[in-house]
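J.: The residues making up each chain are set out below.
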Amino acid sequence: MADSNKLMHDVYSEHHAWVYGWLRRKLGCAHNAADVAQDTFLRILSSRDALLLASKSRGYIATTARNLLIDRARRQRLEKAYLEELGLLALEHPGAPSAERIWETLDALEQICRLLDGLGAKPRQAFLLHYLEGQPQALVAEQLGISVRMVQKHLVQVLLHCQSVRDPQ
Amino acid sequence: MSDHDDLARQAAEWLVLLSADDAEERARAEHQYQHWKQQGPAHAAAAQDMEQLLAGLRDMRQQPASEGRLHALIDGEIRFSQRSRRNKRFGAALGLGLMLLVPGWLGWQHYPSALLFADLDTATGQWREARLEDGSRLVLAGGSAVDLHFTASGREVRLLRGEIRVEVAADAQRPFEVVTRDGRIRALGTRFLVSKQRDATDLSMLESRVLARSSDGPAEALVVAGQQLRIRHDGLDRVQAIDAQSLDQAWQQHRLLARGLPLSQVLEQLERQYAGVLSYDREALASIQVFASLPLDDPQRALQLLEASLPIEVTRLSPWLTRVKLRAD
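Taken in sequence, the protein lines are chains P and V. Numbering of the first sequence is given in my numbering, commencing with residue 50 and proceeding in unit increments. Numbering of the second sequence is given in my numbering, commencing with residue 2 and proceeding in unit increments.
So here's chain V without its partners, still in its complex pose:
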């Protein structure tokens, strides 16, 4: 039994190396894998089913469907059945959840340092607040993820996706930085929002100031309260004025405050909170400007509001697939 499990694990590890990105690594793995399989019939047998499964998936790529659609379909179906199972269990789980909540909270209070080793993330539609070891506060919007790297000489929060609100605790010895693929934001004692977009990072200053820098260029800017800056990997856009107080308020109420945002960008943000796929043509919808305050924690309602006020048509094709397009007339 355990021999069987060991062989299966080894086979799986070889198969994963066989499709590594590096050609040299792949060739080496291929060579060693063939050698491994020849060690006995049990070795080859352990790998055979998995090889078949992967061949089947490769064949699927030939099937008619637009890019990423089969993936979305499978994912949607699995989320749907997991959700319906969860709903059935919800009644029973609620009692247990309430019991666990209190000890869980106590544990959190007592062991905040556990955060140092764990990345934080949130599911769609789920907000989460964390107090970091240095006393700084981090709130993650739904569908967000960060890595924390706190050392004796610095504090670094890597925003991997989504949006965070940061309230930095002062610590003169250890600078506080938020890092994305597009650039770095160094806090100078402060409160701000950072939002990872598709190909840029948006910084909104609520209080005090930060120093922002792009990742691959010399561009650097001091951004103060009431200003917004888009950071791209190769440079910084012009600083824009924002209403910091309303923005902060909206954020705390889980609302998206759109003041002339392109519809495509609004949908992108809604999609992060939506347990399914929003299908839309980014370019066709980019020219529509949105002025609205939308409930991010109720994306279905937000879509209704958009449909009521814009020349668009929102069609719910299935529980997990919603299409947004320009109205035909």
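Just chain P, with the same shape it has in the complex:
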């Protein structure tokens, strides 16, 4: 335990400055850079394996920070697009959903994007049409121009893919 604390301290004091400097150049904003640097070390310090990797390699730390930046950019794009959608919707149906509900939806959207990224277009479409939009499998097949059997194969593939992303073995 004492070892682990010392390791944390070493990693943080050795690497925080350059990570912060790198993020600051990349983001052009001291405030955001401090946030992302903070998140980077939170992520690294939260697992012993990550900590060991970080103590041996700057590359690992840089990758962690870069992934956080990508997540953050994705979150911002999703927020913008969803808020636009709500804006369009509000023109037709006045009455806005609560901020809490909006954040929940955004979290879910973000998670789905992360899970489905890396899949082919057809399996992803099949999955979203069937499970998100609730369309019957035959209709999904028709829209994608493939057989129902193929739709089912795609769905199985996506479920397994999601499982492996969530629970890497």
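Please note: incorrect hints may appear among the correct ones.
Calculated cross-link-like contacts (lysine-lysine; reagent style BS3-like; alpha-carbon spacing at most 30 Å) [as the list claims (entries may be wrong)]: (1) P:K129 x P:K171; (2) P:K202 x V:K38; (3) P:K105 x P:K171; (4) P:K55 x P:K105; (5) P:K171 x P:K202; (6) V:K326 x P:K129.
For the record, the hints were derived by calculation from the structure and aren't laboratory data.
For chain P, the structure is supplied; the task is to place chain V on it using the hints.
T.: Here is chain V on its own, set in the frame of chain P:
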């Protein structure tokens, strides 16, 4: 590890059967699935995460958003991040691509029969030409897909979506047919375009003639060069005259030649070439007629041209969502 993978696969297969369309099949799957889960704690555990994921997605349907929008949003975001990754890799991939191109082409020449077993399709904005086993030529416009069924007694091309240009090689023994959900087109030695629309199929004859038939009715017509026919599942529209030569030329240059087409239909065709969502009110825009020659391989430019000449407003809301509506004034 492999036990774990096997269980996960079985769980996924059960879950997919649980939402099959047929009620009886669903009930049977439900019964067997419960039985399967009781085989051990590892079985139930394998299914739990996936069940949760699906429950989460079902909940999303309750969230405020118009129909299909969340789907479009997720899809747009994923395409966006895949595209930006691809662009970064493009430099490195280009060299490799050039090296692969030559052997790939040779392979194509040597093994055209592989086509018989593979369906052909194209991504948005991507044109593709294929020579079929019988010597016929098929060109697929962007966003199109076909199935090929060639047997000893017949040649059938099933157009699943999009638009194709067909040049049929003569073979008296095996009739050549293009089939869509709306009807069948039997070639009598010939060159023509077939375009799958939302609820109909458009046939444009460039050379020679074909016999067209609707899928659910006795309607049948002989269509000759310079004629266009809309085929619906329950009947045929009146034959219209077209300028076959300009149409063919436009098609080969990846242009859409609109001579009085409803704007909604033009947007529908552009959307097939557009890596994102075009949002528009079909009915509101159907009354606007378009006379133009539009670059299908540059949908962004095509939209600019439309905006410049029609009383519409094109707003790019995000990299993957563009809205087209009537101008307010």
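J.: It remains to establish, for every hint, whether it holds in the given structure.
T.: Against the structure, the hints:
1. P:K129 x P:K171: Holds - the C-alpha atoms of P:K171 and P:K129 are around 26 Å apart, at most 30 Å.
2. P:K202 x V:K38: Measuring from Cα to Cα gives roughly 21 Å; hence the hint holds.
3. P:K105 x P:K171: violated (41 Å)
4. P:K55 x P:K105: Given pair P:K55, P:K105 holds - Cα atoms ~14 Å apart, limit 30 Å.
5. P:K171 x P:K202: Distance of about 11 Å is within 30 Å: holds.
6. V:K326 x P:K129: holds (21 Å)
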